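A.B. asks: Residues per chain, in single letters:
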Amino acid sequence: MSVSIDAEVIDTDVLVLGGGFGGAWAALRASELGADVVLVEKAHVARSGASTMSGGVTTCPIDSDDLNIWAEEFISHGAYMCDQDWTWQLLEGARERVKTIASWDVPISRDEDGNIRRFASRGMVDVRCMQYQPKKTMEELRRRNLAQGVRIYDRVAAVDLLTSDGAHPTKGSIIGALGFGTRDGKSYVFRAKRTILAMGVMAMKGKWHIDNVTGDGAAIAYRAGTRLVDLEMGCGGTFTVLMKNYDLGGYNIAVAHGAQLINAAGDRFMAQYDPVRFERSELSRVVAAFVKEINDGRGPCYIDLRTCDASYWSDLETVWSRNSQILLSDHIPNPRENPLLIEPQWGAWAHGMSGVQIDLQCRTNLDGLFATGSNAKNKATGTHSSAGSPTAFAMNTGYIAGQTAAHEACELPLPDLNAGDIRTLIDAMRAPLARPQRGLSPDDIHDRMAWLETSVVDGVLNNAGKLYRKLEVVEEMRAALESCHAPDPHELAKFHEARNIVEFARAQYLSALDRTESRESFYREDYPETNDDEWFVWHGITRTAGGVPVFDREAIPLERFPLQPPSTGGRRLSPVAAMMNGTYDAAAYA
Amino acid sequence: MHNDRLTIDLTLCDGCGICVDSCPTDVLRMDAEAKKVTIAYANDCQACYLCQDDCPQHCIAVSFSSQNPRRKSIYDLLGIA
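Same order as they appear, the protein sequences are chains A and B. Just so you know, we're using the numbering used here here: the first sequence kicks off at 274 and counts up by one. Just so you know, we're using the numbering used here here: the second sequence kicks off at 56 and counts up by one.
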C-alpha cells in the first residue's frame, strides 16, 4: 500500500533493531533461512554496543563435557530462580555457537597445541569459558550478514515500535518500528512481519565508557506494552576504574588468570567470604566486600596483577587490544611489579538479570515481537550472571529469535500501516528539533542521570529514602524532556537516549521500591532479609495506558524442573546484608 | 586539531573515512571540502580507542588522562587515597 508520509517506508519479513552480538546473530540466522531481513543500528554494525567493547569471554562447553554439572552450577548459583529449560537450551546452544565461531577466521585464545584455551572465569568452578577477539568477531558477523543479503541501516536510531492499533501500550501486535538517520535526519518507517529487539543493556552515559547502550530496547518495549521482568535486579557493577581515572575493563579475564584484590594492609579480603572462588565470586559479593573494606577503614583497595599467569600478558597483546592500551602504557605504574589502585562502580547494568520477558523461542508477550541479548531477561542464569553467560545468551537468543521469526514470517502477509498513526509518531519523534533552545539540553539530562549513580557505596547500600530521592530527579528529568531542544539529528539521537534512560530508570527504581526484600545483587538496608515466602518469583512490570506501572509476581514453576533448591520458604539475611553486619558465614552462603 | 580526549594529525589523514564508521558515539565526521576527518561532537568521545585502533594512517591519539565529568572516584568522594 502507499503511505503518504514524509518518511522512507521499508518493508521486510524480519526487522532486527540493534546490531550488536544478539542482533547480528539474529539477522544472520533469519537470512540463512531465507527471510528478507533488515538490520537497523544507531551506530555501525561491528563497532557498536557492549559486545564490541567486551572482553570477548563466552561460556564454552564442548562435546565431552557433562552438561548436568554445568546446569547444576548455573542453577544453584542463580538461586534456583531460573527457567531450567532455558538453562539447558543455553548450554546446548552454546556448544554449537562456539563451534561456529571457532570455524570463522577470528582470533581465539588457544593453547600450544592449537586447542581453544578454556578457563574457569568469574562466578563458576566447573563451567569453562573461552576468549575471542570481539571486534574481529563483530566484523565477521557484519561480513556474513552482508553476504547473506541482509540490508544494514547504520546510523539509524529506532525510536518506537509500530503497533497494529496505533496504541502504546498496544492491545494488538507489533508491525515494525520508526526511526531516523542520526546524520541526515531522514525519517524511516520499517514495516515488518516480525520484529526482534536487540538493543542491549541500559547504562548511564559516562559510567562504563560504552555510551550508546542506553536501554533503548527495553524502554521501547515497555512503552509498547511489553512485560519487563526483575528490573531491580538489573543494578550491578564490577571493578572498572583503575588509578581513579582509567578504564580497566576485563575484570573477569584478569581474575580468571589469577589477579587478586587486596586492601591497604595487603590482605586478600575475599578469602573470608569465598575461600573457593575468591575474586571470582558473585560480583554482588565482591563489590559488597569492597564497600565493607572502605566503610571499615581498610581502604583503598588494589588489584594485584603480579599473580597473573603468563597467558594473561600474552593474550593482552594478541586477543584483546583495549585492555592493553592502559595496562601496557607508561601512564600507570608497571602492573607486573605494582598493585594498582582499583574501584568498582554500581548502578544500572543489567547483565541479563533483568529485561524483557521472553519464552523459550524468544517471543515477548506482544504478538510479532521478539527480544534477544541483554535487553531480554536471561532466565537461564537466574540471579547470577557469570562471566561469559551474557555473550552466550546473546548468541543463542539471537540464533533462536532469528530462526523462529523467519519461520513465522514466511506464513504471514505484510501488515497494514495507518498513515495517521505514523504521522503522529513521526511528529513526536522530531519534536525536539522544532523547539526553541531553552531549558535543559540532552547532555544536561545525561549528566543528571549519570550523577544518580556516582557513589558505589551509596549504590550498594540502598534504601527507600535513596530510591525516592532518585525518583524525584527522574521525575524532574521527565518534565525536562518535554521542553528539551535538539539542534540537529545527532543531538536528537541523544535526546531519545535520554528519554529511554529516564523511562528505564523510573521503571527500575519503582521496581526496587516494590520489592520489599534483599536478594543477592539486590540489597535494601530497610529490608535486609531474603523473603522466599513472598519473593521467590519473577517480578513483572507492565505499563498501562495512563503510564502507570502495574506489578505482578509470577511463581517460579519448580515442580516442572529436575533440580530443586535445598530449602524453600522462610527468611534470612541476604548475603550482602550478612557481609555488612559482619555475620557472613562462607559455608552457609556458598 | 584536538580536544580534551582526541588529537588528530591532519597532515597524516588521507580521508579514508574508516574512523567515521568506527566511532560508536558519532563524534567524527568527514569534512567534505577538505576531504579530511573532523571532530564534530567532541564532548561525546567515550575514549573507547576504536578510532585510534582502526586508523590505517595512525593519525588519531586518544588521551588516557582526560577527566570524565560523569564519573567520580569513590576515593575522591570519601577523601581517601
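Because the hints were derived from the structure by calculation, they are not lab data. No experiment lies behind these values; they were computed from the predicted model shown. Any given hint could be a false lead.
Under the rule of at most 25 Å between Cα atoms (straight-line distance), these lysine-lysine pairs were calculated in the DSS-like manner [claimed, not checked]:
#	chain 1	residue 1	chain 2	residue 2
1	B	90	A	459
2	A	517	B	127
3	A	739	B	90
4	A	409	A	459
A.B. asks: Are the hints correct? Go through all of them and say.
C.D. replies: Each hint, compared with the structure:
no.: 1; hint: B:90 / A:459; verdict: holds (24 Å)
no.: 2; hint: A:517 / B:127; verdict: holds (8 Å)
no.: 3; hint: A:739 / B:90; verdict: violated (51 Å)
no.: 4; hint: A:409 / A:459; verdict: violated (30 Å)
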